[in-house]
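Fit chain G to the supplied structure of chain Y, relying on the hints for placement.
There are 2 protein chains.
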Amino acid sequence: MRIITSITEMQQQADRFRQEGKSIGLVPTMGYLHEGHLSLIREAKKRSNVVVMSIYVNPIQFSPNEDLEDYPRDFKRDVELAQAAGCDIIFYPDSNQVYPGEYLTYVNVEEITGVLCGISRPTHFRGVTTIVAKLFNIVKPHLAVFGQKDAQQALVIKRMVADLNFDIKIIMAPIVRERDGLAMSSRNTYLSQGQRNQAAALSQALFEAKEKIVEGERNAAILKKLISSRLENLSDGEIDYIEIVETTLLSPVQTLAGEILVALAVKIGKTRLIDNIIIEV
Amino acid sequence: MRIITSITEMQQQADRFRQEGKSIGLVPTMGYLHEGHLSLIREAKKRSNVVVMSIYVNPIQFSPNEDLEDYPRDFKRDVELAQAAGCDIIFYPDSNQVYPGEYLTYVNVEEITGVLCGISRPTHFRGVTTIVAKLFNIVKPHLAVFGQKDAQQALVIKRMVADLNFDIKIIMAPIVRERDGLAMSSRNTYLSQGQRNQAAALSQALFEAKEKIVEGERNAAILKKLISSRLENLSDGEIDYIEIVETTLLSPVQTLAGEILVALAVKIGKTRLIDNIIIEV
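The listed protein sequences derive, respectively, from chains Y and G. Residue numbers for the first sequence follow the working numbering, so the first one is 1195 and each next one is one higher. Residue numbers for the second sequence follow the working numbering, so the first one is 1195 and each next one is one higher.
In case anyone wonders, no lab produced these hints; they're calculated from the structure. Glycine included, C-beta positions come from ideal geometry on N, C-alpha and C. Watch out, some of these pointers could steer you wrong.
[To be verified] Label-pair restraints from in silico Cβ distances: (1) G/1419 with Y/1440: 53 to 63 Å; (2) Y/1206 with G/1419: 49 to 59 Å; (3) Y/1314 with G/1290: 34 to 44 Å.
[As the list claims (entries may be wrong)] Calculated Cβ distances over 12 Å to all of chain G for the following chain Y residues: (4) 1199; (5) 1291; (6) 1304; (7) 1323; (8) 1442; (9) 1475.
Bound conformation, chain Y alone (with noise of 0.2 Å):
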């Protein structure tokens, strides 16, 4: 496995791949890897010669009071992960690199960017669609794969992806969660014991409301009551939003039909966690 630092580099290096009849596959990652994005990287690797993660922890997704300085970082150890996972190059950029001194340029989804997680992180999702439209330039995928777990962001890069044209196919990858059903993530690591036995009521409340559309729910309103009267409890928990939507202009319904998106947040102390199921019905 090599690791490439510059952004020209990676260039270069796709275009040899690409005129080798190499196929890319990109996981674009914030590192501190766990098993989630590893099961990313072998998605990936099951779909093309060679596989690129990048690891970069993106500054312009974070707003000013959110945990940027604090994200937790581990450079070493994503290595040895992403490499006994089978990740062919990690393209690791530094930062004045990515956005020098006088960056002016933005990419921006309207629209589907302002509901769910929009609505309490208004800037997030032009930061991710701005940093993945740069790393599509860089290493020049033919495949993208993105997890599930942050499923409003791979519909808004697939939305991208669709507009500008970007010849790439995007992939999105099943939530990888732990045994009592906490779905992975990188920010677990900010709770405390108490309030990570909090957390597994997420799961457990969207695999509640699952089995309900299964046996013919159909009502959302039910079905957020439902989830919602299992959430609101948690001593630790303040609920951010509960909503189901449908999976192309994430609009709310009120009676399910076709695929649907039923997705959470709630902060457990101060550690802001999402959760989500798409279900076709």
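Relative to the frame of chain Y, chain G by itself:
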């Protein structure tokens, strides 16, 4: 010469060229070709194996009160002229393909799009950068050629390319002028004979200013006053702006130094004309 109308077909053709080791030069246009456009084809031809000219009147770079409907079109003539100039492929997509029903994504360069032409055309450059980003992802060029007539556009695109890490070289080709100095533009066709005669004053004022700069004048206020004095008495003329700026952030200068853009926009009747000179002092 081939005409390609399908986005997918253009992408596949671009992939084939690249796999064959051929370099691709892109000349993005809105058609109604004149000698200025043809000079861009020749410039692209000198520097690349294959020249693709796109012809597309991009609706999102026009404001509702502008001339989208009236913009001159003559595809048959364009095909003949492009072929004679050495163009290899015309990419001629239709609007439903370029902006399908639920289009949501825009590329925006901040700050330098809010000055000069950006003041009277506040959404113009966002439309330009968005379509050019799309064309870059569709045609996959190694280089793209833009005319200096739209100097701000070329500088904005250079900035987008640098910021978003597009691996594409941007060439700004010199303005091609009519015998009396008027910069060639598809919009010159809107002018009556009387207006056409007055329009020559734009370039003449710029040339006079250039002469003064060459002679040693460095005071921007004096130069702007000189240009203004040549333009303010045109019977059908209305000055939009006369500005002297540096070419990185397009900030106004008081004393000329380094690379300088002297740019102006004047309405002659209902037709808005622009012209400029770039000079290293």
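We went through each hint and held it up to the structure:
no. : hint                           : result
1   : G/1419 with Y/1440: 53 to 63 Å : 60 Å, holds
2   : Y/1206 with G/1419: 49 to 59 Å : 50 Å, holds
3   : Y/1314 with G/1290: 34 to 44 Å : 36 Å, holds
4   : 1199                           : 14 Å, holds
5   : 1291                           : 10 Å, violated
6   : 1304                           : 5 Å, violated
7   : 1323                           : 8 Å, violated
8   : 1442                           : 7 Å, violated
9   : 1475                           : 22 Å, holds
The structure shown violates the earlier hints numbered 5, 6, 7, 8.
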